[in-house]
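As a plain string of letters, each chain reads:
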Amino acid sequence: NAGVTQTPKFQVLKTGQSMTLQCAQDMNHNSMYWYRQDPGMGLRLIYYSASEGTTDKGEVPNGYNVSRLNKREFSLRLESAAPSQTSVYFCASRGTSGAPTDTQYFGPGTRLTVL
Amino acid sequence: SQKIEQNSEALNIQEGKTATLTCNYTNYSPAYLQWYRQDPGRGPVFLLLIRENEKEKRKERLKVTFDTTLKQSLFHITASQPADSATYLCALGSGGSYIPTFGRGTSLIVHP
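Order-wise, the sequence lines are chains C and A. Going by the working numbering, the first sequence opens with residue 1, and the numbers climb by one from there. Going by the working numbering, the second sequence opens with residue 1001, and the numbers climb by one from there.
This is chain C alone, in the form it adopts within the complex:
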């Protein structure tokens, strides 16, 4: 099992450009998440999807959109990138038993720089 995979690993954008970050998991998990991690700020939730077909905003959703394409894939889109969106983006998925205590499995991250 590959676990949680993310593409691309690195990306440089110019202000105003758009891009989509891809995430896929092969663990048959229902829930998937997008976080951003900035120095000194810890992990902050952007959007999450509790199950296929549903998405909800997290703590910092402005400037982002998401798509839960199917049970495996959850993408994050930046429609018009801004320098404030320079960050490391992590996708995660959560176990399938349904208990809140199921742990999250994280991908390797995408390092995005917006010039």
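Be careful, since some hints might not be right.
[Claimed, not checked] Among the chain A residues that face chain C by a calculated CB cut under 7 Å, a handful are:
| id | residue |
| --- | --- |
| 1 | Tyr1028 |
| 2 | Gly1043 |
| 3 | Pro1044 |
| 4 | Lys1055 |
| 5 | Arg1058 |
| 6 | Tyr1098 |
| 7 | Phe1102 |
[Claimed, not checked] Below, in silico cross-link-like pairs of lysine-lysine (DSS-like), each with a Cα-Cα straight-line distance of 30 Å or less:
| id | chain 1 | residue 1 | chain 2 | residue 2 |
| --- | --- | --- | --- | --- |
| 8 | C | Lys57 | A | Lys1059 |
| 9 | C | Lys9 | C | Lys71 |
| 10 | C | Lys57 | A | Lys1071 |
| 11 | A | Lys1017 | A | Lys1057 |
| 12 | C | Lys14 | C | Lys57 |
| 13 | A | Lys1003 | A | Lys1059 |
[As the list claims (entries may be wrong)] Here's a subset of chain A near chain C, in silico, CB distances under 8 Å, partners left out:
| id | residue |
| --- | --- |
| 14 | Gly1016 |
| 15 | Arg1037 |
| 16 | Pro1040 |
| 17 | Phe1046 |
| 18 | Leu1049 |
| 19 | Asn1053 |
| 20 | Lys1057 |
| 21 | Ile1099 |
Treat the hints as calculated values from the structure; they're not laboratory data. Every value quoted in this text rests on a predicted model; they were computed, and no experiment measured them. C-beta: ideal position from N, C-alpha, C; glycine also.
On the provided structure of chain C, position chain A as indicated by the hints.
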């Protein structure tokens, strides 16, 4: 508002000693607390979970305590090794929440 505090200063210890990391929280009544390890350039990896009705959990050289009166969790690594050097994150969740809230993490550096 809910607040999770982890020491922002790196913890430096000698190999073989016990490392103790702290996670404090305010305005929160978590049902569970998790600890994750994060290496540079990689995503967090789950280590241990402890529930509100548990005082202590152990896994190999790792031990977690959870004191809901003090609103604090301690994370211990005994017989520490340089390979234990990483950033350690605590995450808290409420009973019905599928979304844990993460602390900022504490960097641990184990010197040979």
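Open item on the list: Of all the hints numbered above, which does this structure not satisfy? Sort the numbers upward.
Closed with: The structure conflicts with hints 1, 4, 5, 8, 14, 15, 16, 19 and 20, although it agrees with all the remaining ones.
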